[in-house]
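Trainee: Single-letter residue listing:
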Amino acid sequence: MARKRQKRKLKAGLAPGTALFTGEQKMERLEMSVLRYDADLYEESFPGSLEEVLSELRPGGPVTWVNLDGLHEEHAVERICQRLDIHKLTMEDILSVGQRPKVEEHADYLHVVLRMFMMDGTIRETTDEQLSFILKGNLLLTFQERKGDVFDGVRKRLRESKGQIRRRPADYLLYALMDAVVDNYYPILETLGEQYEELEMELLDNPTRAALGRLHILRRETILLRRSVYPLREVVGRFEKMEEPVVSEGTRVFIRDLYDHTIQVIENIEVLRDIATSLLDLYMNSVSNKMNEVMKVLTIIATLFIPLTFIVGVYGMNFDYMPELKWRYGYFVVLGLMFVAVLGMMYFFRRRRWL
Amino acid sequence: MARKRQKRKLKAGLAPGTALFTGEQKMERLEMSVLRYDADLYEESFPGSLEEVLSELRPGGPVTWVNLDGLHEEHAVERICQRLDIHKLTMEDILSVGQRPKVEEHADYLHVVLRMFMMDGTIRETTDEQLSFILKGNLLLTFQERKGDVFDGVRKRLRESKGQIRRRPADYLLYALMDAVVDNYYPILETLGEQYEELEMELLDNPTRAALGRLHILRRETILLRRSVYPLREVVGRFEKMEEPVVSEGTRVFIRDLYDHTIQVIENIEVLRDIATSLLDLYMNSVSNKMNEVMKVLTIIATLFIPLTFIVGVYGMNFDYMPELKWRYGYFVVLGLMFVAVLGMMYFFRRRRWL
Amino acid sequence: MARKRQKRKLKAGLAPGTALFTGEQKMERLEMSVLRYDADLYEESFPGSLEEVLSELRPGGPVTWVNLDGLHEEHAVERICQRLDIHKLTMEDILSVGQRPKVEEHADYLHVVLRMFMMDGTIRETTDEQLSFILKGNLLLTFQERKGDVFDGVRKRLRESKGQIRRRPADYLLYALMDAVVDNYYPILETLGEQYEELEMELLDNPTRAALGRLHILRRETILLRRSVYPLREVVGRFEKMEEPVVSEGTRVFIRDLYDHTIQVIENIEVLRDIATSLLDLYMNSVSNKMNEVMKVLTIIATLFIPLTFIVGVYGMNFDYMPELKWRYGYFVVLGLMFVAVLGMMYFFRRRRWL
Amino acid sequence: MARKRQKRKLKAGLAPGTALFTGEQKMERLEMSVLRYDADLYEESFPGSLEEVLSELRPGGPVTWVNLDGLHEEHAVERICQRLDIHKLTMEDILSVGQRPKVEEHADYLHVVLRMFMMDGTIRETTDEQLSFILKGNLLLTFQERKGDVFDGVRKRLRESKGQIRRRPADYLLYALMDAVVDNYYPILETLGEQYEELEMELLDNPTRAALGRLHILRRETILLRRSVYPLREVVGRFEKMEEPVVSEGTRVFIRDLYDHTIQVIENIEVLRDIATSLLDLYMNSVSNKMNEVMKVLTIIATLFIPLTFIVGVYGMNFDYMPELKWRYGYFVVLGLMFVAVLGMMYFFRRRRWL
Amino acid sequence: MARKRQKRKLKAGLAPGTALFTGEQKMERLEMSVLRYDADLYEESFPGSLEEVLSELRPGGPVTWVNLDGLHEEHAVERICQRLDIHKLTMEDILSVGQRPKVEEHADYLHVVLRMFMMDGTIRETTDEQLSFILKGNLLLTFQERKGDVFDGVRKRLRESKGQIRRRPADYLLYALMDAVVDNYYPILETLGEQYEELEMELLDNPTRAALGRLHILRRETILLRRSVYPLREVVGRFEKMEEPVVSEGTRVFIRDLYDHTIQVIENIEVLRDIATSLLDLYMNSVSNKMNEVMKVLTIIATLFIPLTFIVGVYGMNFDYMPELKWRYGYFVVLGLMFVAVLGMMYFFRRRRWL
Ligand SMILES: [Mg+2]
Ligand SMILES: [Mg+2]
Ligand SMILES: [Mg+2]
Ligand SMILES: [Mg+2]
Ligand SMILES: [Mg+2]
Ligand SMILES: [Mg+2]
Ligand SMILES: [Mg+2]
Ligand SMILES: [Mg+2]
Ligand SMILES: [Mg+2]
Ligand SMILES: [Mg+2]
Ligand SMILES: [Mg+2]
Ligand SMILES: [Mg+2]
Ligand SMILES: [Mg+2]
Ligand SMILES: [Mg+2]
Ligand SMILES: [Mg+2]
Ligand SMILES: [Mg+2]
Ligand SMILES: [Mg+2]
Ligand SMILES: [Mg+2]
Ligand SMILES: [Mg+2]
Ligand SMILES: [Mg+2]
Ligand SMILES: [Mg+2]
Ligand SMILES: [Mg+2]
Ligand SMILES: [Mg+2]
Ligand SMILES: [Mg+2]
Ligand SMILES: [Mg+2]
Ligand SMILES: [Mg+2]
Ligand SMILES: [Mg+2]
Ligand SMILES: [Mg+2]
Ligand SMILES: [Mg+2]
Ligand SMILES: [Mg+2]
Ligand SMILES: [Mg+2]
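Residue numbers (this note's numbering), protein chains in the order written: chain A, 9 to 363; chain B, 9 to 363; chain C, 9 to 363; chain D, 9 to 363; chain E, 9 to 363.
Check each hint, because a few of them may be wrong.
Heads up, the list lumps identical chains together, so a pair's fine if it works in one copy or across two of them.
[To be verified] Mimicking DSBU-like on lysine-lysine, the simulated pairs with C-alpha atoms at most 35 Å apart in a straight line are:
(1) 19 to 164
(2) 249 to 155
(3) 334 to 34
(4) 19 to 170
(5) 334 to 170
(6) 34 to 110
(7) 334 to 110
(8) 170 to 96
These are calculated hints, taken from the structure and not from any lab test. All figures in this text were calculated on a predicted structure; none of them were measured in a lab.
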């Protein structure tokens, strides 16, 4: 957590609306793509220069989706925002990674910030980045911290004109991309859930210190994930309630569906939190239990042998006059006595259910 | 939990409204039934083909209840929904098992999703499945994951025309089925409650590790059950507030009664949660207590015998000059001394209330 | 808890509004009483047959209070409800004991359900039962599970015409009876509070396992009591807000007073819950503390004597050549050495504040 | 807690509005004072008889403040209330000590109940009593359980005509008295805070059983204080929102200031609760930690000496044929061996960081 | 905490609106500065006398920012407030340090109270003080407890006319200063976060008592910081909603941005709280775990050697007739037997996974 916010400290004292990227640079140079489509048209291009992109920024006509990967070139973001009359504070938010998810309606554009999680399924590693949307008329801009996103399914549907996506305006594209982001929380949650389940097995069996460390880390991940997901409820809820022309009537029912998914994701996180608490209790009790068993073994052994050791010690004393030592069967009498004492102890342990 | 959501991963990237069953197939082939009734009429049929069912889908006239068991034949669900002009997202929800309970009012139909629990009383095993309702005019559709449900009582009342069910429109049938679902939460809760009670007896008596594992599992079951039941408060509450023609005036008082039951179920779950926490504390404290008792036994034994063993060790030393060893009653003096020491210890233990 | 809900299982599948008593039969036969009064009139009768009671059910004229003890004769309740045009669902609620407290306003009657607690002060035992009210015009019906209630004070005031009760309509009688029920929560709470206080003394002094069991039971009782009392806030709050003719203007200020009492009862329960948690922490910490003390004693004894026992063991060895054994004062040197070692240990223990 | 509610039991069954003092008598006889003032007038008197007081009860003219110390003379309270047309339920509330703080607006008077805390700073002892206000026109009545209050500052300001108090109507006097009550919560909170701080030092240093007991008692005091203070937020909030003529426009800004103080008091209590929880965790962990250290000492000693004692035991055996015993340097070899073993153990303990 | 509120005790009994500084004096004498600017004008002055400042208090014309460091000269604050017709209660609030953050709209001025935190990054020490704002027309007053604040960035922007600050009215200056205060919470939070992270490493590795003490102190700091920050949500939220002329239309969007930051700060604190709880659990479990390991070592050693010591004790007895002692290989048989016993124990420990 600390590493991520390093540059926030630099911000104190700057004018609001200053273009300053607060993250670490994650790719060498800015990459841009432009997609233009309607029911009949489909064009894809990867402009090499900022000037080319600026000339594509047309809010009217067919839907245009401009994507930028890489926020470290603050200057590029600044120029695009200026061209489209985006407020300086919005531009600052795009560059300030570590934003809380939010939606803001401005006079002639909509601004949405989300946290996008991606998972490499084979190694179970998760990366996340800030994702900002600007929706202005039929133009949608997306800003990412680095190359790689969860939008390949949407791109495929666009290219192959699957479903109704090509027949709908840009607000539907915004919905489709947000839906892709939310859909990708599920595998993250499932992996977390699986990790909790594996830990559960282990904890019931043998509560080691390594398992405790892992549980602690899982729990902290759950806390941080919750923080990124929880504000989504309000974001999507407010998006659903927006009026024409921001959200067209046909898109609203889809946003309601997205809202359902968001609630489900949040509930799953709450369940994970409950399970984390439950596992912690399990751990603590397992350790207590184990210690109890260890103690019982120690107590049984000590209780059995310490008195016996005393008795044999008595007859190891070197007094000149100890009549028992002279007896013919003294040794065997003592052995027998000790055997009886052991039986008595055993009975005592059984009654206390220690054996 | 993880197993159930397996196929959600496949969904990422698909167009919204795609017909994809996300559960495991639970029966070999789709089974369908059609019931048509009014005060005088009662017809039951089990169509073998989808075409037959499609021809029965008439929202007007007498009440028609069409039930489908088996969602893996996505194609059948898709065709039925198309015939009735059901929105693609609704159809997707029917097939996406693992939905959160919800009610959605569409332009000309009502969509309700519940989680139906059934219990095999003899082996105390619970199964659950997703249950979706579509109410369109006088036509009610129910979609289940597998054969077997909690509606036999309702079917009997329909057949024998018990109560007023045959004289009321389809919204009353929807109520009656939802009521049957909620009524069946009670035995689940009662069984959970009994299991908690059994555990309580055991924990007070002897807190074993097996009991801890069982408590943990009960607790997780309670968490998951709560998740399915909690949203019902809102679902039934909104259902009650719907207006004509969705809910007819005579049915509303019944839904209010259903709402009461729902609140009661939720409160019972909250009580179970409190009891689970309470049992956990009991367990933890019982273990501590037991360990304390074990420690006391160990300490008493060790404290009694370790000093005595030291004394006898002293007189087991082989020094050439140890005057006591020559004394006539040295041995008996030492024995007496040790006896007095034991009495002193005993007094100390009593004062500390360890004996 | 489990025992009480046994018959709920039987309900699944029945038509709503079916007359089925879900509790255990608590008295041999139904007992009925009828009270009729106004400022000048006062009549008391105990009809032996249902027919007699039915003929007394007049909503107009002087106030009539009809009380029924015993719900197992479902048929009696059913006939009374039919005569007064009470909805079938209300009748079902009267017979379904284990209802959550509630108030329901119907077209021409008011339905209130409470849980009535009674305490036998000498043996500190509490019994509780479901109490239902039907207020229709100037007629008030009360349904109890068994003979015995908390209304003797009200009956006395009626008989002796104390206060204004005889000069007011039936809504005031309803208020007075509900007030009697709520007033009787206080002694229950006080007894619970006393029991917690006794436990507190005991726990601070000597945390036994028996005390733990008692705390657990007290805590569960508090959870269950809370469940019966918590919904009262809403019940009385809604009762207060009802309009003429259900609640007459002069009665409202009394209901507001009742509302105050209800809030106070709820707050007292919350305080008891906090105290229960606090006591549990106290218990756990007392046990830890005691174990710590036990451990210290063990450690002191073991740490003092184990090294000494080793030393005497050394001089108990039988080597042919051990020079010390030949020394004139070897024995006394060793004794002195051990004495010094003990002093060193003592110093160590003091510094760690174990002594 | 139990002691305070003793007489509540007697109330069950009485008519509402019965004059019954539910507390313990705290002073021998009723004491009364009357203050009458406006900008120019200032009169103080201490009537010896009830009749005198009754003749002073004039809601019009200059501000009149009548104070009663001692509620056990129920008859006096009853007569005053009757003279001013105070509702019987209000009178009952004045006499029922243990009320929750509240404000009630009646047709022509305002009724406020608070809990007044006073602290004797030198012995850190707190007393509290119920304080009731009746504001009717320009007449303010205050009812206290016993002599002694927190109003000396207000009396001084009245006498010396400090600030604007003499130029304002009786609602400002009510505000000033309530403000004095709230101002006196601060020293209570500060003393509690200091006690928590002292405990913190002690717990970090040496967690004794006495400290645990004290923490438990502090915590319970915090719970009970919170209960008296929490409802104040609503009381003062509603007081602020009252309209002319109850609250005059110039007084409202002062009540808003009082509201601020109330919120601050509540927040301070919440902080104390958090600190109590935090201290409890600290205690528990300190005890565990100490026990861990004790265990380590025991284990080190036992692990060092038990094996050595075994070795010397071996050479203390009396077998006829034990070759080592005959060796010239057997004794020294064994001593050396044991020394090496001790060094090995030490290394093991260091590696585990026990030393 | 206690130290800070010392003087609150003195306040009890004073008239509301009395000028009394409740903090400790933190600087020798009052220091004042006046800044006057618009788009073209920029004047800075440091008046040495109160009279000079009083003559600068002009709500009209260019923006005027008057800053006072040092509240112990109550008289200065009082005279400034009188000159500007500030309510006596506002003046009292300015001098009563330890206020909860709040915003109050008066007829012709706005009053804001915040808590300003500053951090000395190198030594990680935080200081905080109360900061009050009075906004009246184009005049902004700031009152600080001591010299030194977080406004140097704003002063630089004013001097160099960076951004739009010089072209906007005084409400924007108020925003800019509040924004600087909130921006400075981030480094505090980051440092807290780093300290938690360092502790986490340490706790997982070796849970010492010193770490526990540090965790407890961090946790208390988090509680107290939360208390200062939490009310900000409401303060900034209400500030945003204020209307012209208090907040000009162009400033509102900036306040909304400030609101975002506030929410983020609050969420970060909540995450820190969760992490503190999580670390506490980690600590407790680590200690339990360590104790468990210690116990295992003790038990293994004791269980291995105590029985062996008994056996050698047996053959150290001095009975005249003990046949084994005469055997030729008795000694070696016993040694072998003990070796086998050790192997058996080892097997037992392995099976219990203690080794
Ligand atoms: Mg800034
Ligand atoms: Mg923005
Ligand atoms: Mg921003
Ligand atoms: Mg990316
Ligand atoms: Mg989705
Ligand atoms: Mg959060
Ligand atoms: Mg999708
Ligand atoms: Mg849908
Ligand atoms: Mg859906
Ligand atoms: Mg089924
Ligand atoms: Mg039902
Ligand atoms: Mg849930
Ligand atoms: Mg423990
Ligand atoms: Mg039913
Ligand atoms: Mg009903
Ligand atoms: Mg019912
Ligand atoms: Mg009864
Ligand atoms: Mg009452
Ligand atoms: Mg409840
Ligand atoms: Mg009463
Ligand atoms: Mg009243
Ligand atoms: Mg009252
Ligand atoms: Mg007093
Ligand atoms: Mg005050
Ligand atoms: Mg309370
Ligand atoms: Mg004051
Ligand atoms: Mg103010
Ligand atoms: Mg103030
Ligand atoms: Mg300063
Ligand atoms: Mg900022
Ligand atoms: Mg706070």
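Trainee: Run every hint past the structure and note whether it holds.
Mentor: Hints, one by one, checked against the model:
no., hint, in the structure
1, 19 to 164, "between (40 Å within a copy, 14 Å between copies)"
2, 249 to 155, "within (32 Å within a copy, 40 Å between copies)"
3, 334 to 34, "neither (91 Å within a copy, 79 Å between copies)"
4, 19 to 170, "between (45 Å within a copy, 15 Å between copies)"
5, 334 to 170, "neither (105 Å within a copy, 98 Å between copies)"
6, 34 to 110, "within (23 Å within a copy, 41 Å between copies)"
7, 334 to 110, "neither (95 Å within a copy, 89 Å between copies)"
8, 170 to 96, "between (37 Å within a copy, 14 Å between copies)"
Violated hints, listed in ascending order, are 3, 5, 7; each of the other numbered hints is respected by the structure.
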